[in-house]
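Engineer: Going down the list, the sequences are from chains A and B. The opening position of the first sequence corresponds to residue 1 in our numbering, with each subsequent residue numbered one higher. The opening position of the second sequence corresponds to residue 1001 in our numbering, with each subsequent residue numbered one higher.
One or more of the hints may lead you astray.
Pairs of lysine-lysine residues, derived as DSSO-like cross-links and limited to a Cα-Cα distance of at most 30 angstroms, are as follows [as the list claims (entries may be wrong)]:
id	chain 1	residue 1	chain 2	residue 2
1	B	K1206	B	K1194
2	A	K103	A	K47
3	B	K1050	A	K47
4	A	K23	B	K1194
5	A	K23	B	K1035
6	B	K1035	B	K1238
7	B	K1194	B	K1050
8	B	K1348	A	K148
9	B	K1187	B	K1073
10	B	K1073	A	K23
11	B	K1348	B	K1194
12	B	K1051	B	K1035
13	B	K1225	B	K1051
14	B	K1051	B	K1073
15	B	K1187	B	K1010
16	B	K1238	B	K1073
17	A	K23	B	K1187
18	B	K1051	B	K1238
19	B	K1010	A	K47
20	B	K1187	B	K1348
21	A	K23	B	K1206
22	A	K157	A	K103
Derived from the structure by calculation, the hints contain no laboratory data. Please read these numbers as outputs of a predicted model, since none were measured by experiment.
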Amino acid sequence: MTSVFSPVAQARIPGLIARYEEKRGALLPLLWLAQEEQGYVSEAAMKEIAALLDLTAPQVYETVTFYTMYHRRPIGTFHIQVCRSLMCALVGTENLLGWMHTKLGITTGQTTPDGCFTLSQVECLGSCATGPMMQINDDYYERLTVDKTNRILDDLKREGQSSLASGPFIFPEPSAQ
Amino acid sequence: MATHEPLLLKNMSLPGYSGSLADYERAGGYQALRKVLGTLAPAEITEMVKKSGLRGRGGAGFPTGVKWSFIPKDHPGPRYLICNADESEPGTFKDRQLMERDPHQMIEGMILAAYAIGVRTAYIYIRGEFALGARILERALAESYQAGYLGPDILGTQFVLDIYVHRGAGAYICGEETALLESLEGKRGLPRIKPPFPATHGLFQKPTVVNNVETLANIPHIVNKGAEWFAAIGHPPKSSGTRVFCLSGHVQRPGNYEVPMGITFREMIYDIAGGMRGDKPLKAFIPGGASAAFLTPAHLDVKLDFESVAQAGSMLGSGGVTVMEEGTCMVWAAENLLHFFNHESCGKCTPCREGSAWLLQILRRIEHGHGKTDDLATLLRLSGNIVGRTVCAFGDVLVAPITSTLQYFRDEYEAHIREHRCPLRPAPVQELITPVQKLIAIGH
């Protein structure tokens, strides 16, 4: 059976398992590793992880399906997750989402036909002073306006990254205090 | 207003402070660890933390030293310490800043806590979305190992400690400490029935302490400057110390502000956060994260400490203060929060799983102009049937947005029903697809 993990990832697995008194403790870390490798957690990955941790495939499946961040099928290259919770909603999520639907030509839950963007609404991402905000893949983008969001999406599509992603968080900035 | 020196946010406000080990040491970091390791007995540190009056900063406010002292002394081990970095209470974003800007402050707190309770393995359970925070912590831990603050023989004292970063994967409930334990064990994050408590049967059924990021970040300061010094800050005896309050919503200057507990909401909102963002006056505020009951301008002189906010009928919770201006629809706000609670209910207990869905449906129809006259009574009856009937406190808090807005803004609910529309917001754009279709579409 060929592994879903690359040799580099495979080398990390024993170390991850050794961190926990019981092997199952390494389940979330291994699911993360599988998702980093494949972009989602495939059934093959679940079966392979089950074997690694002495679990049954359904035990892995029951854990995978509890958590919102594991994808069980491929999604767009960039996963846009717009915070829909109250603190962002108070400062303008709705306008932003409406604009995004028009810009991308998709609604929440869909992927653009070129496979570039998948749009989701998610609950609070812990960025309530700097709303409206969104997470795209690992990065946070905060204090969004339509112009700024437009630039971010164009950057991502053209260059695969955007300089507008947040760095280590501090707000208000010390100089503004 | 009492003048104050920031404690937890002090380093990060220094010019050019990067949060590196070198910067942290230059600012006096790891002095507390050097001071006590090998000279103070573990029990003496627990005693010091008890005397300081430090209470948990995650939401429940349990006295930290007391929590530590519940760990059985005669247990063969292993014992575990877990830093709860799952920060996911809507309105709260302090732990993110504490971790990303000054990770060593929290790590030093963890090492001290581990020494006090006899732990050799500790975990930082960080919410999956904080990918940057997890990377920063990994880097900081590597620095600490390199410098001999972690590993097999810490500062030559034979004290052993390993700390691992463990990422969650998107589930609010994993901030509840027993759900967090289940999640760390690789299971669905379903809260456990207590007792037994984590102090005796925690991670892998071993004695375990779970402390919040901000709680742990306080420990080096208490060890450095003493329990009496800390106990005098803020509003003793029940609310000692500072809190990092997270201001959001319609204020002029939202953000994290560290102040001694005991200042009033008026000072917090109008002096520190600069008042309302525009010319609309204050209508309501949430004092301690989405789980806390709404308060009104009549509560502006309530003090930000554990007891005062509880007396006002809400809770200080996680320190997230969300401010809403006049014109904000309270039914819409409650509906938004119930969407959150319904989405995040883990599904273990029927009253919470089913009740949150019913409450959301009723709020949605009221907000969209389809409310019925007996809906308000139904909301209250359903809410009453959830509180106290679930394994964890999630069920108790999910009704707070409804019961409190109904208490203070009942006329607004009645207007929605009477006029068959939301009197404050334009007709909402209909969602094109259902939440279930959404989940299917992104592969859940």
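Engineer: Evaluate each hint against the coordinates.
Structural biologist: Hints versus structure:
Straight-line distance between C-alpha atoms of K1206 of chain B and K1194 of chain B comes to about 15 angstroms, which keeps the hinted pair within the 30 angstroms bound. Only pairs whose Cα atoms come within 30 angstroms are accepted, and K103 of chain A paired with K47 of chain A is rejected, the gap being roughly 39 angstroms. Pair hint K1050 of chain B plus K47 of chain A does not hold up; C-alpha atoms about 48 angstroms apart against a cutoff of 30 angstroms. Restraint check: the Cα-Cα separation between K23 of chain A and K1194 of chain B comes to about 25 angstroms, which is no more than 30 angstroms; the hinted pair holds.
Our distance criterion of 30 angstroms between C-alpha atoms is broken by K23 of chain A and K1035 of chain B, whose separation comes to about 37 angstroms. With a CA separation close to 28 angstroms, the supplied pair K1035 of chain B and K1238 of chain B stays within the 30 angstroms bound. For the proposed pair K1194 of chain B and K1050 of chain B, the alpha carbon gap of about 23 angstroms is at most 30 angstroms, so the pair holds. For the suggested pair K1348 of chain B and K148 of chain A, the alpha carbons sit about 41 angstroms apart, so the restraint of at most 30 angstroms is broken.
For the given pair, K1187 of chain B sits about 29 angstroms from K1073 of chain B by alpha-carbon distance, which is consistent with the 30 angstroms threshold. The suggested pairing of K1073 of chain B with K23 of chain A holds, with an alpha-carbon distance near 27 angstroms, which does not exceed 30 angstroms. Annotation: proposed proximity of K1348 of chain B to K1194 of chain B holds, straight-line Cα distance about 14 angstroms (limit 30 angstroms). Between K1051 of chain B and K1035 of chain B the CA atoms are separated by roughly 19 angstroms; this keeps the pair inside 30 angstroms, and the hint holds.
Taking the CA atoms of K1225 of chain B and K1051 of chain B, the gap is near 13 angstroms; set against the 30 angstroms cutoff, the hint holds. Proposed proximity of K1051 of chain B and K1073 of chain B is supported: the alpha carbons are some 20 angstroms apart, at most 30 angstroms. A distance of roughly 38 angstroms separates the Cα atoms of K1187 of chain B and K1010 of chain B; the hinted pair therefore is violated under the 30 angstroms criterion. With a C-alpha separation of about 27 angstroms, the suggested pairing of K1238 of chain B with K1073 of chain B holds against the 30 angstroms cut-off.
For a cut-off of 30 angstroms, the pair hint linking K23 of chain A to K1187 of chain B stands: about 12 angstroms separates their Cα positions. Only pairs whose Cα atoms come within 30 angstroms are accepted, and K1051 of chain B paired with K1238 of chain B is accepted, the gap being roughly 11 angstroms. As the CA atoms of K1010 of chain B and K47 of chain A are separated by approximately 48 angstroms, the hinted pair breaks the 30 angstroms bound. Restraint check for K1187 of chain B and K1348 of chain B: satisfied, since their Cα atoms lie roughly 13 angstroms apart, inside the 30 angstroms limit.
This hinted pair checks out: K23 of chain A and K1206 of chain B have alpha carbons roughly 15 angstroms apart, not beyond 30 angstroms. Between K157 of chain A and K103 of chain A, the direct Cα distance comes to roughly 13 angstroms. Compliance with the 30 angstroms bound is thereby established for this hinted pair.
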